[in-house]
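Chains as they are written, first to last, in the working numbering: chain A, 1 to 369; chain B, 370 to 773; chain C, 774 to 1331.
Derived by calculation from the structure, the hints in this document are not laboratory data.
A few of these clues could be false.
As the list claims (entries may be wrong) - Below, in silico cross-link-like pairs of lysine to any residue (SDA-like), each with a Cα-Cα straight-line distance of 20 Å or less: (1) B:580 x A:208; (2) B:656 x A:168; (3) B:580 x A:259; (4) B:745 x A:212; (5) B:733 x A:168; (6) B:681 x B:699; (7) B:656 x B:592; (8) A:212 x C:1260; (9) A:245 x B:519; (10) B:629 x A:246; (11) B:580 x A:176; (12) C:834 x C:820; (13) B:745 x A:165; (14) B:658 x A:172; (15) B:516 x A:248; (16) A:208 x C:830; (17) A:215 x C:1260; (18) A:245 x B:699; (19) B:516 x A:259; (20) A:165 x B:652.
Stated by the list, open to error - Footprint (simulated), chain A over chain C, 3 or more residues, beta carbon under 8 Å: (21) 1228-1239; (22) 1249-1259.
In this text, a Cβ means the ideal position worked out from N, Cα and C, and glycines have one as well.
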Amino acid sequence: MGDPKEITTLQTSTILISTIIGVGVLPLPLFAVRAGDTGAPLVTLSGIALAAIGLFIITVLGMRHPEKTIITYSQEILGKWMGRFCSLFVIFFFLILTGLASREFGEVVVSAVLRETPLEVTVIVMLLLACLSCRNNINVFSYIHNFYVPMILAPAMIVVVLSLKNANVLYLRPLIGTNFYDMFTGMLTISALFQGTFIITMIIPSMKTPNKALKASFWGISISGGLYLLLVIATVAVFGPEEIKQIFWPTLELARTTTVPGNILQRLDVIFLAVWVTAVFTTLFSSYFFTIHSIKEICHLKDHKMLSYFILPFVFILAMVPKDILQLYEVIQYVGRAGLLITIFYPGSLLLIDFIKGWRKKKSVSQQL
Amino acid sequence: MFHNNCKLRLIILFFLLFPLLSGCWDSQEIEQRATVLAIGIDVVDSKAPKEDEISHLKNQFPIPNEQMIKLTAQIAIPGRIPLGPEQTGGAEKPVLVMEVVGHTLDDAILNLQQELADKLFLGHLRIIVLNEKIAKRGTQRFNDFLKRNPEIRRTASLVVSKEPAAKYMKLSPELERVPSLYLADMVDNLTALGKFPPSFIGLFWAILSSKGQDPILPYLALKKGSNIQLNGFAYFHGDRMVGKTSPSEIGVYMSIIGIKKGGYGAFTKIPGKEEMVLVRAVSRNTKIKVRIKDGNPHVDIKVRYESEIDEKYSPTISLLKSKMIRDIDKQASKDTAKSIRDLIKKTQKTKSDIFGFGEHFRAKLPSYWNGKIKTKENWDRFYKDLTFDVHVETNIHRVGMKAK
Amino acid sequence: MSLFRNTKKRKLNKIKAKPLVPSKVMEEHSDTPTSSSLKETEELIKEILGENDDLDIKYFKIFGQYNAALFYFPNLVNIEIINIDILKPLMYVPEHLIGREKPLPQLIDLILNEALYHCQARIESNIEKLIEVLLRGETVICIDGIQEAIHIGTRSIEKRSIAQPETEQVILGPREGFIENIATNIALLRYRLPTADFQVKTMNIGRLTKSTVAYCYLKGIANETVIKEVEKRLSEIDIDAIMDVGYLEQFIEDNPFSPFPQTQSTERPDRTVANLIEGRVAILVDGSPFALMVPVVFNQFYQTTEDYSSRFLMGSFVRMARILALVFSLVFPSLYVSLISFNPELLPTEFAVAVAGGRAGVPFPAVFEVLIIEVAMEVLREATVRLPKQVGGALSIVGVLVIGQAAVEAGLSSPITVVVIAITTIGSFATPAYSAAFALRMLRFPIMIMAGIFGLYGVVIGIIFIFNHMLSLKSFGVPYMAPVSPEDYQGVKDVVFRSPLWWMPKRPNFLHPDNRNRLKKNNNTVLKHSKIGNDQREGLNNGGSERNHNTSNIDNLN
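The following block holds chain A by itself, in its conformation from the complex (with noise of 0.2 Å):
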């Protein structure tokens, strides 16, 4: 890329955090208490593990491969075109989730805050600033990200302690959930929220020391499991269940529920919503970016900014394909997990032909020797 390699540790955590933390925040809660009733934190821990199994393994898959991103050396270990068309999926996988994510942005927004604004224009705004954005180098990427982490922790975390008055401790027992079956597609759906961390391929090569990429990701992967595991537990306490069960987006509601001592804000949910933008920014960027990038790799292309407008219209009538609210989280959480297998299982195989691929090559230099 040509860029010198400048990323720190702590830039590599950041953004994972940011990217992580998104739209899915809201209906969060909403997922879990589905997949588990009062087992809600339960089926988010488990989600989390999940997906810290398969962040831990495109890490190790990065470490392995300190120059490359997962585009170049999948090409070196399927072979050139398998990897080729291994690296299409992927792409065509982010390109969706960009839509998919900037469509439930608008739903929010149009439902929640500005009513009467057309929701393209919600979704065009964001996704021009992504795109703007996805002009810059790696290493302006990283600053951004770790410039915005604090503003996206801080209200997370403010609305989540003050919510607390409101708690009542036994909407959070039983701790396990009723249904097995529904846990379990419960952890997929929220291990899908997660799938931001892939951009982590894409960070490796332009770390200043890729060794420490595992502790960035270790990090990365506590702050924001952890934030998600105290917003369930919060909205959980808060409105129990059977309530949660009825809202789409519990998360803001907790925020609507929540009041600032000494009345300055009368409704913090406005204000939250507002920062939460930000959040979704950071996620939308990352995965336009992975996009941009990915596909700028695959097609030996030296330059991505005219790029990152051409894809712009593919990503937005993308976005426009689900007809309403309730068929965008049916589609939502169908290529969340499925998209599972393409940022675990994927990466996990390509990780298992390496290490094959690896110790055949010690056993024929030993065997020469």
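Let chain A serve as the given structure and place chains B and C on it in line with the hints.
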């Protein structure tokens, strides 16, 4: 290269942003909004005007079955409420009170909009008053609209009134210029003073949806002039109000659900004498244990009071000895235990588990709950025959500044 | 270095093939040597300089023997020096030369080494150079029969005295400011930095003005690549005139389309020195009382030297107030618009109802109301800047009090709007760096329009856009938002909170200084005491008095 990009960037920006400039879709100036501050919902009496065909044509759509409601809204009139410190207030009322009828809440609000030039704005809706009669018919049909609308605050208050809710909308209290604000502040402050457990519409909904608990709401009554009194609480079975209590029972209720801050006092007889002292609860500590006793659910309620003596009724006795205080402790505990038992029994008659014992069973005995109860309806049956033990302990720590 | 964006592949380079030197006569004579005949030289000079009436030629005889002429512009030179230090020793043979033979070939040596009382006397034989120095206020002596001419530095330009800087006032701290004269300015810097590491490099830029440009840095502290880049960017400039340091700024900044300043200009020598010590490069131009500092980061623009000279709690508190003002000046009006037109539910009910009352008679939407008053405010501000001081005060009173009051009473705006605009305007005055305050003032308008379209959502989008832009900016290879992002532990101590000086033992890393230690660890025993507690200090009282007073230096501290 640089210049090329720049031009392109500008062109794209122009094409994309120009359509944006054409619209300020959601912009609605504050003074052009009809800010609804409070609404009251009543049943329609026969004299009320007939509804015009606004949200449904006659005979074309099924008209909702339930009885029509009368909605009274209090709308702020911009300009009547002056900015800054209040000058000597004019005689004009700062709010507009409007009445409409409708089949559902949304229907009524649409009808209301039909009579107003400015767009209705519910973002400042602070209090919703339900008349007792309408509360007894069920609140579920209002909840749907209120939950769907993003403008509604989840922290708004919902109260039940003895008199027609319209009367509350037309009140003009002396303490505050805007009547509904007085009403809303009063309900909010009750919680702060320890006179009522936290109560807002979001909490009401959460309790309503939970399987093992029934909600309560403040019950207001009008007194002489334009004074409002907290006259107990209305308790519900599901979404229907089934009864009300006396104000002192609020304190009892608060002690069972374990609200720390105490605010109520009760006259307690000094054992062996005919005199009374007023014992006021300062703080409480409640422990609820649930178990299965002989195959049936059983609840142990343990309440520990920290109290103080506020007032002694008669000058003839003196509170000098600590033994006497201990006696009062015991007497107060006995009295409280009795009122707790009474209140529980009262609610058992209407199957309304306002204390959330069901939630305790669900949370602490999940296998029993899943095996035998599982649904709200089942729990209602169990609650009716729930056995319970009450144990109250009172500690009077303070007697005030008087030594005798 | 790919770090540096070479956006300055200026068009000028392409046109360079054509002769650009404006003076045709000079161009013709660029290589002409001076003649040994006084008459010819004289004619040549007269030809080049035309019939300039302010050129004086004084004919005289050196040591009474040789014909010579003195060329000078009397308005540029110090006549007294010419009379006493040049003419006197040359016309009136000095005592030690009396009786000695003065042959023509050795005359120049004799004059320079034994006769002239002036240290800035040099020989030159190129007519172009001679003209140049003549124009700069030197005096040229041509001797009949000798080809080379002597030129002597007699320049004397009227300069104002060193005064308090007008644009950056402080309560605590030095009162000196730069003046237009670059020599004085460099002297002001040298006075504060009497170290061999302090380097001053000069060059001339501007085909007409031939302004002296000096870039200064501390060797061993400033980053070598930055110094090279500064030199490169400066040497690429080819323009006819440099009137002020701002001309240079526009040529050397990284992104000319950005509203944010990417260099910092200051009038204060102490600030310049502080920046040099942090590892920056300062650029001075003759004729401008400002120094330009590169590379910069954004947080510099709300810092003042006073933050450091006052105690750290005070400095931090003031700085936080300044940051708040910065935020106000950027988003306050747009927040107001979005609260009024989009989300009135955020306001407390009583206030919302009252605000609605205040706005009841205003015919415009809040966006237009705010925009109109903002524009009026900008006009007013510009008017007050241009007016003479006495009138300016009156105008601002008229503007703020009378017009504001009248606008409210006429129903053109609501009282709250006036309050909001007032706070915004005051907020923008609190930013110490004028150019940064200006950037935010300018960006306020697009955000207001965004707020008018999307409410709070628009404001957030606008702010994200601005932040993204700032994060992608670089100033001479240093990320603009450093040390916040990319993070730098040493630097972060000095962003929002001005940490005590002993907490910041190292120079910020983001400027890549080679030499990072600010404090020496062992020798600051005084600090140790104050950190432990005052009671211990009494016992070790003599520790403090062992300071290494270099008394011999005191003489130089005049």
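Satisfaction of hint between residue 830 of chain C and residue 208 of chain A, Cα-Cα up to 20 Å
69 Å, violated
Tell me if the straight-line CA distance from residue 745 of chain B to residue 165 of chain A falls inside 20 Å.
Violated: residue 745 of chain B and residue 165 of chain A sit about 26 Å apart, past 20 Å.
Could you grab the alpha-carbon distance between residue 656 of chain B and residue 168 of chain A and see if it respects the 20 Å cut-off?
Roughly 14 Å between the alpha carbons, so the hint for residue 656 of chain B and residue 168 of chain A holds.
Restraint check for residue 745 of chain B with residue 212 of chain A, where alpha carbons must lie at most 20 Å apart
The hint is violated at about 53 Å.
Does the structure keep residue 516 of chain B and residue 248 of chain A at a Cα separation of 20 Å or less?
Holds, at about 11 Å.
Holds or violated: residue 834 of chain C with residue 820 of chain C, Cα cutoff 20 Å?
This hinted pair is violated, its Cα atoms lying about 24 Å apart.
Are the Cα positions of residue 580 of chain B and residue 208 of chain A separated by 20 Å at most?
At roughly 55 Å apart (the allowed maximum being 20 Å), residue 208 of chain A and residue 580 of chain B break the hint.
20 Å limit on alpha-carbon distance, applied to hinted pair residue 212 of chain A and residue 1260 of chain C
With Cα atoms ~17 Å apart, residue 212 of chain A and residue 1260 of chain C stay inside 20 Å; holds.
Within 20 Å, alpha carbon to alpha carbon, are residue 733 of chain B and residue 168 of chain A?
14 Å, holds
Between the alpha carbons of residue 245 of chain A and residue 699 of chain B, is the straight-line distance 20 Å or under?
Status violated; Cα separation ~46 Å.
Annotated coverage of the region 1249-1259 of chain C by chain A, confirmed only when three residues or more have a Cβ within 8 Å
holds (count 5)
Does the structure keep residue 681 of chain B and residue 699 of chain B at a Cα separation of 20 Å or less?
OK: residue 681 of chain B and residue 699 of chain B at ~17 Å, within 20 Å.
Going down the numbered hints, you'll see the structure goes against 1, 3, 4, 7, 10, 12, 13, 16 and 18, while the others check out.
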